[in-house]
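5 is the number of the first residue of the sequence shown in the working numbering; add one for each residue after it.
One should not assume that every hint holds.
Straight-line distance between alpha carbons at most 20 Å, and here's what the computed SDA-like set of lysine to any residue pairs gives [unchecked claim]:
| no. | residue 1 | residue 2 |
| --- | --- | --- |
| 1 | Lys74 | Phe109 |
| 2 | Lys61 | Glu82 |
| 3 | Lys74 | Asn97 |
| 4 | Lys61 | Asp86 |
| 5 | Lys55 | Met79 |
| 6 | Lys61 | Leu7 |
Hints were generated in silico from the structure; no laboratory data involved.
All of these numbers come straight from a predicted model, not from anything done at the bench.
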Amino acid sequence: MSLPMLQVALDNQTLASAYETTRLIAEEVDIIEVGTILCVGEGVRAVRDLKALYPHKIVLADAKIADAGKILSRMCFEANADWVTVICCADINTAKGALDVAKEFNGDVQIELTGFWTWGAGAGVARGGYSAGGLSPQPRRAGGRRGVE
5 MSLPMLQVAL
15 DNQTLASAYE
25 TTRLIAEEVD
35 IIEVGTILCV
45 GEGVRAVRDL
55 KALYPHKIVL
65 ADAKIADAGK
75 ILSRMCFEAN
85 ADWVTVICCA
95 DINTAKGALD
105 VAKEFNGDVQ
115 IELTGFWTWG
125 AGAGVARGGY
135 SAGGLSPQPR
145 RAGGRRGVE
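Using the sequences plus the hints, can you model the full thing?
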């Protein structure tokens with residue numbers, strides 16, 4: 005994997021809508037993210053279908069796993085996801101469980117750094133054996149601060 009990589013987030017409500025996007029740009033990106041909204045709207049079928057259409061792309065299931073890390077990540081990896089996301093506020097055992105399953109499938113876990121977090125917490129992601137952390141931009145807070153300290 006060479007860095008940096010370009011990722012598109014498919015935060016569509018339906019696969020039909022997501023296909024409109026992928027038809028235009030899938031070959032221009034490295035990572036196709038099945039966004040949280042699409043994961044909820046279409047389930048792991050969205051992961052399975054997009055990986056079937058783009059087997060040469062990394063498909064990220066942005067499930068934002070908060071609990072049941074082993075079960076939920078297994079569902080995503082069995083649908084042929086390459087990576088899954090675990091939300092940063094999840095218990096460490098949830099994240100470790102997801103990572104254990106990811107290794108079984110030669111996949112990976114991205115820790116989703118949403119909300120207010122510190123650089124120390126971000127460094128913990130690297131120490132935990134996760135190769136990626138995703139930062140979701142947050143609106144400015146009072147005093148002009150964003151959700152990163």
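Going through the hints against the structure:
Using a Cα cut-off of 20 Å, the hinted pair lysine 74 and phenylalanine 109 holds, with the two alpha carbons roughly 12 Å apart. Between lysine 61 and glutamate 82 the alpha-carbon distance is near 16 Å, which keeps this suggested pair within the 20 Å criterion. At most 20 Å may separate the alpha-carbon atoms for a hinted pair to count; lysine 74 and asparagine 97 meet this at roughly 9 Å. Pair hint lysine 61 plus aspartate 86 holds up; C-alpha atoms about 9 Å apart against a cutoff of 20 Å.
Distance check on the hinted pair: lysine 55 and methionine 79 sit about 14 Å apart at the alpha-carbon level, within 20 Å; holds. Among the hinted pairs, lysine 61 with leucine 7 is consistent with the structure: their alpha-carbon atoms are about 15 Å apart, no more than 20 Å.
In summary, this structure violates none of the numbered hints.
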